[in-house]
Amino acid sequence: MALNKEQIAQRIAKELRDGYYVNLGIGIPTLVANYIPEGINVTLQSENGLLGMGPFPFEGDENPDLINAGKQTVTTIPGSVFFDSAMSFGMIRAGKVDLTVLGAMEVSEQGDIANWKIPGKMVKGMGGAMDLVAAAKNIIVAMMHTNPKGESKLLAKCTLPLTGVRCVKKIVSDLAVIEVKADGFRLLERAPGVTVDEIKLKTAGKLIVAGEIPEMVF
Amino acid sequence: MNKVVKGAEAAINDINDGAVIMFGGFGLCGIPENCIAAIVKKNIKNLTCISNNAGVDDFGIGLMLYQRQLKKMIASYVGENAEFERQLLSGELEVELIPQGTLATRCMAAGYGMPAVYVLAGVGTEVAEGKEVRNFNGKNYLLEAAFDSDFAIVKAWKGDTNGNLIYKDTARNFNPLMAMAGKITIAEVEELVQPGELDPNMIHTPGIYVHRIFQGTNYEKRIENVTMRKRN
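Sequences listed follow chains G and P, in order. Counting in the working numbering, the first sequence runs from 1 upward without gaps. Counting in the working numbering, the second sequence runs from 1 upward without gaps.
Excised from the complex, chain P in its bound form (with noise of 0.2 Å):
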């Protein structure tokens, strides 16, 4: 089976409006660029977006919201965007903000293939809303369900053409439980290799969880902030 294709638009020529999509990162640290221009630019409708942000104004998903691509977002923390808090304040926007590590936990429930989780996070808080409570051993835990989503798209700094990645520093973050995820999952790399070249002992995501793969093209890398120490 051939995973690899041309490129962004190649891989997500079948993503139509109302999609349920996850996108890897954390900030716009490890975000898959290419994707998602190719997304901004096919101005597909009506998305869910599961993703621990939701970029900055003008980069990484915030391209997206600016078209008003977006139905819903599901996220953690959108602090940097302002677009998107005034589109949720407005209405126009559906949000479901959840803890960060729930977030993660149910990509890796979808990616273990385990229908839901109970975490302790959100307890006697209104997250807890409308969830079904369980107590085990004295202590309150929530039910969270697995994810279910109908693409996952994900950035890896090395894969090869089985689809095996290799993630970078803390460019990994929801990459590798994103990639277990999705029913249909795409990979953009910044450098595609042939098997064999990777050692199987360094390979994060197999390749079995990854369907489409290639390698992207001018990479931007933004830094949301830039913090330095002096030189004495």
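Next comes chain G alone, as it looks inside the complex (with noise of 0.2 Å):
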């Protein structure tokens, strides 16, 4: 069975580490801070200049000044700060934050993303994203395997207008985990009761099978 979205942010959450500072991104990456492991410690940081995000207010609590970088409302917790937009940038580029999770609409066997732009359709602009690929020391990528017309994310090479180049270096989908290495993905892990031979089939770009590929254990 393909994992549902909640399932893919779970997984992913497996990846955090004591101590990390985490940009988690629009659509299913913002579940992950639903899922954080116990004993593990991760600082939210919302690129709109707000480290430490809380989560989302209960009814009648919510502040219109403070909203994350998806402008949804949400909390401060102990220890939280405010910043402005060129030290939130500032901290994003120089490599302060430990990981990135965010979606995108294609990868490159390369690393390769794009997820702003499907030029003369959607022209939302890429926010954040740029520079988050950019610069951030270890990025995720949360996505379905495949677009809604059924055709692979995972390509040779980007067909869209790029958000960063060489920079992904994980992906979760709803089939799979996927290491971007230099010679292709490489497939980790296989999401319960999904075959190697269906990920084949849906991922365009090169993929590496070595061994025995475990399912995800959640």
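Please note: incorrect hints may appear among the correct ones.
Within a straight-line C-alpha distance of at most 20 Å, the following computed SDA-like cross-link-like pairs (lysine to any residue) qualify [as the list claims (entries may be wrong)]:
#	chain 1	residue 1	chain 2	residue 2
1	G	Lys117	P	Ser90
2	P	Lys139	G	Lys121
3	G	Lys121	P	Gly91
4	G	Lys169	P	Lys139
5	P	Lys168	G	Gly60
6	P	Lys168	P	Trp157
7	P	Lys221	G	Phe56
8	P	Lys168	G	Gly70
9	G	Lys121	P	Arg86
Using C-beta positions, here's what the derived DEER-type ranges look like [stated by the list, open to error]:
#	chain 1	residue 1	chain 2	residue 2	range
10	P	Ser90	G	Ile40	25 to 35 Å
11	P	Lys183	G	Ala182	41 to 51 Å
12	P	Asn225	G	Gly52	15 to 25 Å
13	P	Leu143	G	Lys14	37 to 47 Å
14	P	Asp148	G	Gly211	50 to 60 Å
15	G	Gly193	P	Glu191	57 to 67 Å
16	G	Ile40	P	Val226	21 to 31 Å
17	P	Tyr219	G	Lys96	25 to 35 Å
18	P	Asn225	G	Lys121	16 to 26 Å
19	P	Asn225	G	Gly211	37 to 47 Å
20	P	Asp58	G	Gly95	38 to 48 Å
21	G	Gly95	P	Val4	22 to 32 Å
22	G	Thr75	P	Phe59	20 to 30 Å
23	P	Glu92	G	Lys149	39 to 49 Å
Derived contacts from chain G toward chain P, CB cut-off under 7 Å, selection only [stated by the list, open to error]:
#	residue
24	Tyr21
25	Asn48
26	Gln72
27	Thr73
28	Pro78
29	Phe82
30	Asp84
31	Asp131
32	Ala134
Calculated directly from the structure, the hints in this document are not laboratory data. These numbers were taken from a predicted model, which means no experiment stands behind them. Glycine included, C-beta positions come from ideal geometry on N, C-alpha and C.
Take each chain as given, in its own frame, and dock them per the hints.
Here it is in structure tokens:
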């Protein structure tokens, strides 16, 4: 069975390490915050100027001056700090953020990522994604393995305008956990019940399968 | 020098057609609502706006878009605005989309008196087209110019009559950077106090950067995306 969005987030949460500063993008990445493992202490960075992002507020406690980068109402926690956008991207650029999790429309086998523009169709802008992928030490992409048309999003080369080059380290999709290596997409884990053949079929770029591929454990 | 003006209309009095204006705020958080309303009312045209976002269809910079007051928009993310997307795709509006950190840093550079900065973001993408690339320590960087704007309009939580400003929570965002970057900086604040009433240790923007200040009224502070959790 392919994973649902919550399960993708749950699997990515296993990549968190104690003491990490983490930036979570909009969509599936935001859900990762719900699955931070017991005993692991991570600090969430929101690029609009907040370090130590707390959960969503209870009804009636929402504060219009306190939002995350997805423009959702959030809260602070003890030890939170606010800063301006230049400092926020300063800490990102200087490599202080340990892990960035974001979504993608396409990833290439070299680790290039496209997630901000479909020429002539979707013009939303890159927001902070280009800054994050250019600088973060470790980037995990959370996405569906194929697009709504059933076409692979893991390609030999991206067809859409790039967000960043050679930056994605790992992909967690609804079908697999994949590491981006110099020689292609290395399959690390399968979603429970998903076969290597199905992953091969749905991966357009070069997929490296070495030995037995274990099922994901949650 | 008296920096205090009566209200938004007086503050924007000398902004004319064709001006280049920075607007503080992230989404609808920390936007100068009063000055935007005054610019909409005055219907100043052919504006170039530098702002992280373009508001939503019926609020923020979206109000100026709706009235076709903008010639050019420089932003990082405009996803919440259907009218923006329409004007862009039809070619009515000139748009420069740039990475958010680059946007912030180009404001910062202007405020710090630096003509340009080198940044990593956008290397190898269409953002790099036509830009000087320079290699430092084995990595390529893009040369990005400081912004040159006629006016910067910011929103702060508290300010004093000397123009010293304090922002609240994530409503800080681009405001302090833009405040430093404008040739003329206009600040609207929720609470205007006398010098001495703000703790000098807590001030985010020193008044030297601020030319005009007033206490705004009727802040709507619209929330784009109210998200809550259930009480157990």
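I want to verify a distance hint. Is the separation of the beta carbons of Asn225 of chain P and Gly52 of chain G within 15 to 25 Å? At 20 Å between Cβs, range holds.
Decide if the proposed pair is consistent with the structure: Lys139 of chain P and Lys121 of chain G, CA atoms, cutoff 20 Å inclusive. violated, 33 Å
Is it true that Ser90 of chain P and Ile40 of chain G lie within 25 to 35 Å of each other by Cβ? violated, 49 Å
Status of the given 16 to 26 Å range, CB of Lys121 of chain G versus CB of Asn225 of chain P: holds, 23 Å
Min Cβ distance, Pro78 of chain G to chain P: is it shorter than 7 Å? violated, 15 Å
Answer holds if the nearest beta-carbon of chain P is closer than 7 Å to that of Asn48 of chain G; otherwise answer violated. holds, 5 Å
Tell me if the beta carbons of Gly193 of chain G and Glu191 of chain P are separated by a distance inside 57 to 67 Å. holds, 60 Å
Interface hint check: Gln72 of chain G, Cβ to nearest Cβ on chain P, cutoff 7 Å. Holds or violated? Holds. Min distance 4 Å.
Glu92 of chain P paired with Lys149 of chain G, Cβ distance criterion 39 to 49 Å: With a Cβ separation near 31 Å, Glu92 of chain P and Lys149 of chain G fall outside 39 to 49 Å, so the hint is violated.
Was the hint right that Asp131 of chain G lines chain P, CB cutoff 7 Å? Cβ of Asp131 of chain G sits 3 Å from chain P, so the hint holds.
Satisfaction of hint between Phe56 of chain G and Lys221 of chain P, Cα-Cα up to 20 Å: At roughly 18 Å apart (the allowed maximum being 20 Å), Phe56 of chain G and Lys221 of chain P satisfy the hint.
Taking the beta carbons of Leu143 of chain P and Lys14 of chain G, is their distance inside 37 to 47 Å? Between Leu143 of chain P and Lys14 of chain G, where Cβ atoms are some 40 Å apart, the hint holds.
Checked against the numbered hints given earlier, this structure breaks hints 2, 10, 21, 23, 24 and 28; the rest are met.
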